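There are 4 protein chains.
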Amino acid sequence: MSSSDKKQIKVGILGATGTVGQRFIQILSTHPYFKIHALGASSRSAGQEYGKVTKWKLNTPIPEEIKTKVVQECKPTAEGFAECGVVFSGLDHDVAGDIEEAFRQSNLIIFSNAKNYRRDPLCPLIVPLVNPSHLSIIEHQKKTLGLEKGFIVTNANCSTTGLVVPLAALEKSFGQLETVMVTTLQAISGSGYPGVPSLDILDNVVPFISGEEEKIEWETNKILGGLNEEKTEFDLHLNEKKKLKSINVSATTTRVPVIDGHTASVSVKFRNINNIKKPTIEEIKKSFKEFKCEAQDLNVPSAPKHAIVLHDLPDRPQPRLDRDLHNGACVSVGRVRPCPVFDVKFICLVDNVRLGAATSSIMNAEIAVEKGLIV
Amino acid sequence: MSSSDKKQIKVGILGATGTVGQRFIQILSTHPYFKIHALGASSRSAGQEYGKVTKWKLNTPIPEEIKTKVVQECKPTAEGFAECGVVFSGLDHDVAGDIEEAFRQSNLIIFSNAKNYRRDPLCPLIVPLVNPSHLSIIEHQKKTLGLEKGFIVTNANCSTTGLVVPLAALEKSFGQLETVMVTTLQAISGSGYPGVPSLDILDNVVPFISGEEEKIEWETNKILGGLNEEKTEFDLHLNEKKKLKSINVSATTTRVPVIDGHTASVSVKFRNINNIKKPTIEEIKKSFKEFKCEAQDLNVPSAPKHAIVLHDLPDRPQPRLDRDLHNGACVSVGRVRPCPVFDVKFICLVDNVRLGAATSSIMNAEIAVEKGLIV
Amino acid sequence: MSSSDKKQIKVGILGATGTVGQRFIQILSTHPYFKIHALGASSRSAGQEYGKVTKWKLNTPIPEEIKTKVVQECKPTAEGFAECGVVFSGLDHDVAGDIEEAFRQSNLIIFSNAKNYRRDPLCPLIVPLVNPSHLSIIEHQKKTLGLEKGFIVTNANCSTTGLVVPLAALEKSFGQLETVMVTTLQAISGSGYPGVPSLDILDNVVPFISGEEEKIEWETNKILGGLNEEKTEFDLHLNEKKKLKSINVSATTTRVPVIDGHTASVSVKFRNINNIKKPTIEEIKKSFKEFKCEAQDLNVPSAPKHAIVLHDLPDRPQPRLDRDLHNGACVSVGRVRPCPVFDVKFICLVDNVRLGAATSSIMNAEIAVEKGLIV
Amino acid sequence: MSSSDKKQIKVGILGATGTVGQRFIQILSTHPYFKIHALGASSRSAGQEYGKVTKWKLNTPIPEEIKTKVVQECKPTAEGFAECGVVFSGLDHDVAGDIEEAFRQSNLIIFSNAKNYRRDPLCPLIVPLVNPSHLSIIEHQKKTLGLEKGFIVTNANCSTTGLVVPLAALEKSFGQLETVMVTTLQAISGSGYPGVPSLDILDNVVPFISGEEEKIEWETNKILGGLNEEKTEFDLHLNEKKKLKSINVSATTTRVPVIDGHTASVSVKFRNINNIKKPTIEEIKKSFKEFKCEAQDLNVPSAPKHAIVLHDLPDRPQPRLDRDLHNGACVSVGRVRPCPVFDVKFICLVDNVRLGAATSSIMNAEIAVEKGLIV
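Keeping their order, the protein sequence lines are chains A, B, C and D.
Per the numbering used here, the first sequence runs over residues 1 to 375.
Per the numbering used here, the second sequence runs over residues 1001 to 1375.
Per the numbering used here, the third sequence runs over residues 2001 to 2375.
Per the numbering used here, the fourth sequence runs over residues 3001 to 3375.
Treat the hints with care, since some could be wrong.
Heads up, simulated DSS-like pairs for lysine-lysine below, C-alpha to C-alpha not over 30 Å straight-line [what the hints assert, rightly or not]:
| # | chain 1 | residue 1 | chain 2 | residue 2 |
| --- | --- | --- | --- | --- |
| 1 | A | K69 | C | K2231 |
| 2 | D | K3010 | B | K1285 |
| 3 | D | K3006 | D | K3292 |
| 4 | B | K1057 | D | K3292 |
| 5 | A | K75 | A | K172 |
| 6 | B | K1215 | A | K285 |
| 7 | D | K3010 | D | K3172 |
| 8 | C | K2052 | C | K2149 |
| 9 | B | K1067 | D | K3305 |
I should point out that these hints are in silico values taken from the structure, not numbers from a laboratory.
Bear in mind that the values here come from a model prediction, so they are computed numbers and not experimental data.
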């Protein structure tokens, strides 16, 4: 069934006036079957036209039909949400927990970009190019909470997303990783609006992003881990009982004067099982180049043609030049070379506002549609 | 003997119109005993007034007495150089090799910022806050070349300089290091003028600097190594015969939109000798804070009050706010914390155009004066 | 006849590896009827594949079919050019004069972005949203030079282009202007690659662009002027004999740390003919909003839906947010308000690399096709 | 009497934790006779150590003795203020009005950087390099308000300050001006901290600063105007009854990605009195170069050696290279050239956080000390 044959699905957007909410609107306004139906924001904006309460910061205009749409409060009973087949959440974490739970309890389906439920043992944490198989815990989530329809799916932190895609390619080709050392150079858009004051970042680097390193170190293991056979429990790499399997991740996160696009310097060591010969640099490059993921197999509308774009030029990827590849839905990898300390070093780049945020939520929902989880 | 009592020493500057040359002039114009006497540049500029041939790019004006000084060719026979007690070289590496050799053969003393002689087994590669003891190979250099007076001393690559100072502090307190993983975020001034095109770096990161990673990985071991008893050979950490002692360094170098100041994300593992207990984070912080170096003991004019400034705020050091500390002659260290993979992670920052270039050359020369090597 | 029915026209690109040349390729690779057939560059690149000799700096990849195309020398006899119905020139002015003349003498049709022939009394200087009627001098150009087919059409300097579109709207509605005072804030891409060194522009403004102010002051009058009845001579506003009609333009041009998009602060005084009442701000806004140009009437493929986008928000237009409107083919105008000194002040913005360069050339050629000048 | 012989004067700083407050502290910490005695901030900070409540954003460390100083509420009765000979105010305008009035009523002397009293007919609005003579209205201010000692002196808006210094030089040499057209390119620090969000200004220009154009257009006339003979009333250029004398100022203000330093593009027309011959460009340059002001005659500690630095290089002044000249206490002027519309065009540059803010307040106070107004 092609996308154009799909029946239209009404969607809601929570946090619609914020940075991630604006991206949801920009991307969804041309979506083949998701149709924006309800917009939720703070009570300060509710009751007013979207165009009047939003400081729109994207370089395409507000879609005409959205401009005059009346914003609702973020309540499941607010006009429009009840009819939504999917509700996307771009809420700030300080309010996301309660609001998303209220929506779920009202039997609504939430795909959230917020961090609140990422560590929840019932909620899948899905990078669509990596682990859509984790959606199979949803049955257990609904059952446990006694809900007929409502559930929450989260996507990963933006910088984690850019990292786990190449790591997944490596694990798929060469088995489990033992150690990952990563230093990120993150874009200002990752911190929303108003976000980073210009006085802090012009001609500067801020070598600290609160909570970010912990997210990368923890989320990586949940995403790259499996589910048990009963599809009721995550086989966390970090799981204490299965210590051997966890990947030892060490992250340093910094902010740089870049608008969009998180760059990461990564060094990786493979787990040495049975003294199997380590892959060559050429074999590693090949594994990146040929990496195929379920989102591509399912051919969902937001899936990139290539999950990983491998760059050959020695000075790529670069955020300004490469973040727009495949509409920001892929991860760029370059400078694949031996590491004097571990096995291989490379640079990776993700569009933090698209694959790192809104596009992941949307692609996750597309995959859920394809798997019959949204009806 | 205080600085003001020192007798004046005439100095020459090679590559005087370039980025590093301009810094030499800026710093030396207020030096207590080095007096600028001769300026050397390409034959295109020779014979003309300095102010007329130089695109001065510093935020202090050209010193008045330098503005009208006539530029010479970079030949030891050009007017003025013969009287110089010290010749500083800010030459580009494509011409530095031959010119510096010609000056040395004319029994002149060169302190060079160029990379050409850094790996020379007769030339000391000195970061003044780390290994001025390497100056003792100079006797052997002069003897081997049959020179009465002439010699060459080099200082390190700018990013290496920022790294080895905290590494030296750690080795001084806790013994030898085994592994260093470093990712740098380097300023545009590191590449000179015109250097990095603005189209390449505005709203961007360039994850590659040609030859830079190799410099960090190699120079670190020469600088942190020793000299044999006869003061004729460097006890390179990389020395094949003494393999165990070399530090395994893995560097990734990137360029970011910062004017001055190289930031580095560093993770370090101590060599585990006799299962000695590893230092705590507090002990490591203390070692940074209390690090004292020979340049400070000798109280040379350019020595910073603190070789390392330890920052407690979680988001420091930052290039724009911290590069000017102690006139750019110290290294800032912050975010000292445990590394899940190695022993300790931290951020360090060096002013690449001062301690990372001109200030190192000048401080090296001051130390040489103090040790009686310049007469 | 719709664009898709048009017969394909082979086109050549001179200066194909440069900044403007890359834009020509990017835009033309999806053009409905212009097909890239020949690529010309310096003899250094000639004979090699385009992808191998070009430092591609756009954020979309080199079109696949162009990557392996062999680059030719910029000679009319070089392979491929003879078959081209149109040759676009993105050459630097230091070589454009001779090369474009050689192509014209070979009866080829050149649409040039270079400045060399802009002041030529036989060559039209056309901003496609303003004065395509000037194409009617081409007959005279060919006749004068004794050429059957070859001619040269130029487009304006990038900053002039952004200025004359709103000026044309004002003149169309309210008659001739007397005085224009303009200060520009120009993007770095206006100076090509490598262009502006990053050390010159990060955290900085350079209040000078060589030759730029003269171009704005002079070109504005040629573009906004007419042709005589015989279509053989430009009725320059600057024409000495018709002094009264020239617009008094005073320009100051500056460079700011913006990648693409020239902003201008403009103040304008209407010529007071017969003491006619001056238009109100509302009438002026209406004239901008409703401005229609011949390119739109002809419905050529590159014509924007709106020639001028009028912004109501008090802090717009902004280069980063508005340069992409209508694919960079329109001019944004905002902050229309009374001027205490002249009649009206406003801010305008043009995408300097699209409407300010390649898009103008292409749209000019499209108009020429529509007018039967290219056969 | 030299500065060092002056008796120490205790000073207070209101708004001490803000951007301007930090500059007051930075500059005053090395002042020859003003000694920081009391620090005032919001009740949120009051009672705590300065170093603990301040996000210090300058590139020199907090002075040691200030770090541990306890912050007070901004009340004249709060500890320490009663003993202050001068109170500097870096308060935000939303609170400055009431607080400064309360301090004045308590017979304290306020030098304020806030805008609240700039238009007050009793308060002098002083740019120290231009109109310290306006201090003579203070007697009238105190008398009118029935205060023995308390008064308020304001300094100008940062962008006005940079403009009026060269205008004053022109008026001094060539008589009154008729018209001034100015477009500014203002630094982000002008909007305080957090101020401009980085997402708004990286790779961008914001062509609007709320209220700024009105300030320039109005303040210029008060500053360049005189006082009546009785020293009780400002002879405003804008004064309706003396309409002929007001300068017609038209300002456009924009924000650019520059940290410190406001640049302005200025065009000026002289008032044509008795058909006197207009000055030549050389004469105008001379008038800038030789401009001397009262602050220099009085030789107050913060007075720059040159009030105006005239630049000869065609691409100067530039904010990054020239804002630090004379410790940011002068105005740089360059590109002095004929204007096709008015008489002369030039570029000027002021350090908006020093002469444009804190340094003006301090220099005004120094002049008041010299004139015996502070006892």
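Hint check results:
1. Simply put, K69/A and K2231/C have alpha-carbon atoms about 53 Å apart, too far for the 30 Å limit, and the pair is violated.
2. Pair hint K3010/D plus K1285/B does not hold up; C-alpha atoms about 39 Å apart against a cutoff of 30 Å.
3. Restraint check for K3006/D and K3292/D: satisfied, since their Cα atoms lie roughly 24 Å apart, inside the 30 Å limit.
4. Of the supplied pair hints, the one linking K1057/B and K3292/D holds, its CA atoms being roughly 28 Å apart against a limit of 30 Å.
5. A distance of roughly 42 Å separates the Cα atoms of K75/A and K172/A; the hinted pair therefore is violated under the 30 Å criterion.
6. Note on K1215/B and K285/A: the hinted pairing holds, with a Cα-Cα distance of about 25 Å set against a maximum of 30 Å.
7. For the given pair, K3010/D sits about 36 Å from K3172/D by alpha-carbon distance, which is inconsistent with the 30 Å threshold.
8. The suggested pairing of K2052/C with K2149/C is violated, with an alpha-carbon distance near 34 Å, which exceeds 30 Å.
9. Simply put, K1067/B and K3305/D have alpha-carbon atoms about 19 Å apart, close enough for the 30 Å limit, and the pair holds.
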